[in-house]
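Undergrad: Chains as they are written, first to last, in full-length UniProt numbering: chain S, 1 to 211; chain B, 1 to 211.
Check the hints yourself; a few may be wrong.
One copy or two, either will do: identical chains are not told apart, so a pair holds if it fits within one copy or between any two.
To be verified - Here are the simulated DMTMM-like cross-link-like pairs (lysine to aspartate or glutamate), alpha carbons at most 25 Å apart as the crow flies:
#1 Lys-136 with Asp-187
#2 Lys-196 with Asp-87
#3 Lys-49 with Asp-162
#4 Lys-55 with Asp-162
#5 Lys-136 with Glu-190
#6 Lys-136 with Asp-184
Source of the hints: derived by calculation from the structure; they are not laboratory data.
Protein chains: 2
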Amino acid sequence: MAGRSTPLTTARGRGRPRDPQTDAAILRAALELFIERGVEGTSIEQIAKRAGVGKLTVYRRWSGKEELIAQAVEQTVPADLVPSPEDVETMTPHEIIERILPAAAETTASPEFRALTARMMGSAVSHPSLMAAYWKHHILPRRDLAMAMLRHAQQNGTVSPDADPDVLIDMMAGAVTWRVLQPDPPDAAEMLRYIKAVYHQIGLYHPTKAP
Amino acid sequence: MAGRSTPLTTARGRGRPRDPQTDAAILRAALELFIERGVEGTSIEQIAKRAGVGKLTVYRRWSGKEELIAQAVEQTVPADLVPSPEDVETMTPHEIIERILPAAAETTASPEFRALTARMMGSAVSHPSLMAAYWKHHILPRRDLAMAMLRHAQQNGTVSPDADPDVLIDMMAGAVTWRVLQPDPPDAAEMLRYIKAVYHQIGLYHPTKAP
Numbered sequence: 001m002a003g004r005s006t007p008l009t010t011a012r013g014r015g016r017p018r019d020p021q022t023d024a025a026i027l028r029a030a031l032e033l034f035i036e037r038g039v040e041g042t043s044i045e046q047i048a049k050r051a052g053v054g055k056l057t058v059y060r061r062w063s064g065k066e067e068l069i070a071q072a073v074e075q076t077v078p079a080d081l082v083p084s085p086e087d088v089e090t091m092t093p094h095e096i097i098e099r100i101l102p103a104a105a106e107t108t109a110s111p112e113f114r115a116l117t118a119r120m121m122g123s124a125v126s127h128p129s130l131m132a133a134y135w136k137h138h139i140l141p142r143r144d145l146a147m148a149m150l151r152h153a154q155q156n157g158t159v160s161p162d163a164d165p166d167v168l169i170d171m172m173a174g175a176v177t178w179r180v181l182q183p184d185p186p187d188a189a190e191m192l193r194y195i196k197a198v199y200h201q202i203g204l205y206h207p208t209k210a211p
Numbered sequence: 001m002a003g004r005s006t007p008l009t010t011a012r013g014r015g016r017p018r019d020p021q022t023d024a025a026i027l028r029a030a031l032e033l034f035i036e037r038g039v040e041g042t043s044i045e046q047i048a049k050r051a052g053v054g055k056l057t058v059y060r061r062w063s064g065k066e067e068l069i070a071q072a073v074e075q076t077v078p079a080d081l082v083p084s085p086e087d088v089e090t091m092t093p094h095e096i097i098e099r100i101l102p103a104a105a106e107t108t109a110s111p112e113f114r115a116l117t118a119r120m121m122g123s124a125v126s127h128p129s130l131m132a133a134y135w136k137h138h139i140l141p142r143r144d145l146a147m148a149m150l151r152h153a154q155q156n157g158t159v160s161p162d163a164d165p166d167v168l169i170d171m172m173a174g175a176v177t178w179r180v181l182q183p184d185p186p187d188a189a190e191m192l193r194y195i196k197a198v199y200h201q202i203g204l205y206h207p208t209k210a211p
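Here chain S stands alone, though its shape is the one from the complex (with noise of 0.2 Å):
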């Protein structure tokens, strides 16, 4: 989870102390709403409601709820899923792939992980602008630490250097995305393999080779 906001203070507040307590209020609530009805379903005034505070405390923080739901599914995503700029430059991509597996097995085999996933594709087109947010503030920032290590791959020679990584990137994602939505959906032991499968056929991850 990436709370981090200091007791007293507030990097984005609009002139008011934040309470990290109230924060995670309101983007429990969100989530927990998101799930159960999606975007269109789910009003601030609900957010609000559930998380026992008043409107005005919600949009004090956030601009609206698209931005707000964005938010609260990227805090579900755990800090050790998502390598460091540092990582990037100094770790070749089997080594972060090696290390960050467990998590990520652990992580899109949930039913939450699921969840989320399904009601995010499912408003991509009835209602464009929660995927708009969600892309630019967090898909966006990790697509470009993917983009740097298929760049060293490339280089490496262990992905061919005429391919797209925007289409690389799509493939990776997508699959685990697709996988996870299919009927029978897998454990976590079937995603770690899954997930080295997938990252092998890009050429980023070598099972049978010591890192």
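With chain S held as given, fit chain B onto it using these hints.
TA: Chain B only, in chain S's frame:
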């Protein structure tokens, strides 16, 4: 029951001749309502009303809304997008892909495909019976054909023999699915380039090679 058809009844009917125009109207109504409201917001009653028929007329033909919506979605897939089992036996994967590429690019770049993809993915967790029906009746038969193409390519050496075909199929289908749900969706020309890149990465298609 099914063996007792007379000249006046149909093979699958429950005692009355089927009118192809009625079937088409019901399938079109089911598709429109699914796009507008999702599976949870669509009922047999609403479908019947929009198609201008009675509820019983629908129930006589389909056992439930999931089966009906699954068939309605399937009917949007152009016939020239799916190779026949004979094609798969007699043509190389490269030749098959070369032939289906224009239809694949047109279809996947269409607003209808985007909307249906979002709705289908979106209902996978909250309402899994639709995905289960679509998977069983429509996706699995197509996956079998893709599986046969991949086995040929593994024998020919363009696809790694140790790759898991299920993972490769998910990478291809997942990439396209994820791409069309991103902000700034692609047009048909961009999808043509994109799908070529996906098949090339898997080893089924070689843009620089003559077929």
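Undergrad: At most 25 Å between alpha carbons: which applies to Lys-136 and Glu-190, within, between, both or neither?
TA: Answer is between: at 21 Å across copies they meet the 25 Å cutoff, but 31 Å inside does not.
Undergrad: Is it within, between, both or neither when you check Lys-136 against Asp-184 at 25 Å Cα-Cα?
TA: between (32 Å within a copy, 12 Å between copies)
Undergrad: Using 25 Å as the alpha-carbon threshold, which applies to Lys-55 and Asp-162: within, between, both, or neither?
TA: neither (51 Å within a copy, 56 Å between copies)
Undergrad: From the Cα coordinates, with 25 Å as the cut-off, is the pair Lys-136 and Asp-187 best called within, between, both, or neither?
TA: The answer is between: 21 Å across copies meets 25 Å, while 30 Å in one copy does not.
Undergrad: Between the shortest in-copy and the shortest cross-copy C-alpha distance, which are at most 25 Å for Lys-196 and Asp-87: within, between, both, or neither?
TA: within (19 Å within a copy, 32 Å between copies)
Undergrad: Within a copy, between copies, both or neither: which one fits Lys-49 and Asp-162 at a CA-CA cutoff of 25 Å?
TA: neither (52 Å within a copy, 53 Å between copies)
Hint compliance for this structure: hints 3, 4 are not met, and every other hint is.
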